[in-house]
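Participant: Following this note's numbering, the numbering of the sequence shown begins with 3 at its first residue and continues without gaps.
Calculated directly from the structure, the hints in this document are not laboratory data. Treat the hints with caution; some may be incorrect.
[Claimed, not checked] Simulated DEER-style distance windows between Cβ atoms:
#, residue 1, residue 2, range
1, Leu47, Arg103, 32 to 40 Å
2, Asp76, Met26, 16 to 24 Å
3, Phe55, Pro83, 17 to 25 Å
4, Leu61, Ser25, 16 to 24 Å
5, Leu61, Ala27, 20 to 28 Å
6, Pro67, Pro36, 19 to 27 Å
7, Gln6, Leu58, 19 to 27 Å
8, Ala105, Trp32, 14 to 22 Å
9, Pro36, Arg103, 37 to 45 Å
10, Ser106, Arg9, 19 to 27 Å
11, Ala104, Leu51, 33 to 41 Å
12, Arg100, Glu20, 15 to 23 Å
Here a beta-carbon is modelled for each residue, glycine too, at the ideal position from N, C-alpha and C.
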Amino acid sequence: MSDQHHRRLERRVDRIQEKLPDSMARVLAWLREPRATWVRVPAGLLLILGGLFSFLPVLGIWMLPLGLVLLAYDVPFLRPPINRALVRGERRWKEWKRRRRAASSSS
3 MSDQHHRRLE RRVDRIQEKL PDSMARVLAW LREPRATWVR VPAGLLLILG
53 GLFSFLPVLG IWMLPLGLVL LAYDVPFLRP PINRALVRGE RRWKEWKRRR
103 RAASSSS
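With these hints in hand, go ahead and build the complete structure from the sequences.
Facilitator: Shown next, in the form of structure tokens:
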């Protein structure tokens, strides 16, 4: 079952990576490689910590989900909830864009 969740996570992150600028996509691709575990886990933990302190300047709430996605690569029990959150987020993003287009075309 864990392999299925890992493949789903890979597909979701592939979609995100395709939409990123080239430089950010290369960094994400490198972080996703199996040999990058030694960087991915501390980076994920630091991003989560930074997300918790999002009330401070420079740090933001965006850091929390990114850190959780990075940790999900190495912590199997995080994969199912992260997959569900990514699916929900993608659906909400598409709905928001659809509503925005409808509002701008009706103006």
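Participant: Against this structure, judge whether each hint is valid.
Facilitator: Hints versus structure:
1. Leu47 <-> Arg103: 32 to 40 Å: 38 Å, holds
2. Asp76 <-> Met26: 16 to 24 Å: With a Cβ separation near 21 Å, Asp76 and Met26 satisfy 16 to 24 Å, so the hint holds.
3. Phe55 <-> Pro83: 17 to 25 Å: 22 Å, holds
4. Leu61 <-> Ser25: 16 to 24 Å: 21 Å, holds
5. Leu61 <-> Ala27: 20 to 28 Å: 23 Å, holds
6. Pro67 <-> Pro36: 19 to 27 Å: 22 Å, holds
7. Gln6 <-> Leu58: 19 to 27 Å: 38 Å, violated
8. Ala105 <-> Trp32: 14 to 22 Å: 39 Å, violated
9. Pro36 <-> Arg103: 37 to 45 Å: 40 Å, holds
10. Ser106 <-> Arg9: 19 to 27 Å: 37 Å, violated
11. Ala104 <-> Leu51: 33 to 41 Å: 39 Å, holds
12. Arg100 <-> Glu20: 15 to 23 Å: Given range 15 to 23 Å: holds, Cβ gap about 20 Å.
In terms of the numbered hints stated before, the structure departs from hints 7, 8 and 10, listed from lowest to highest.
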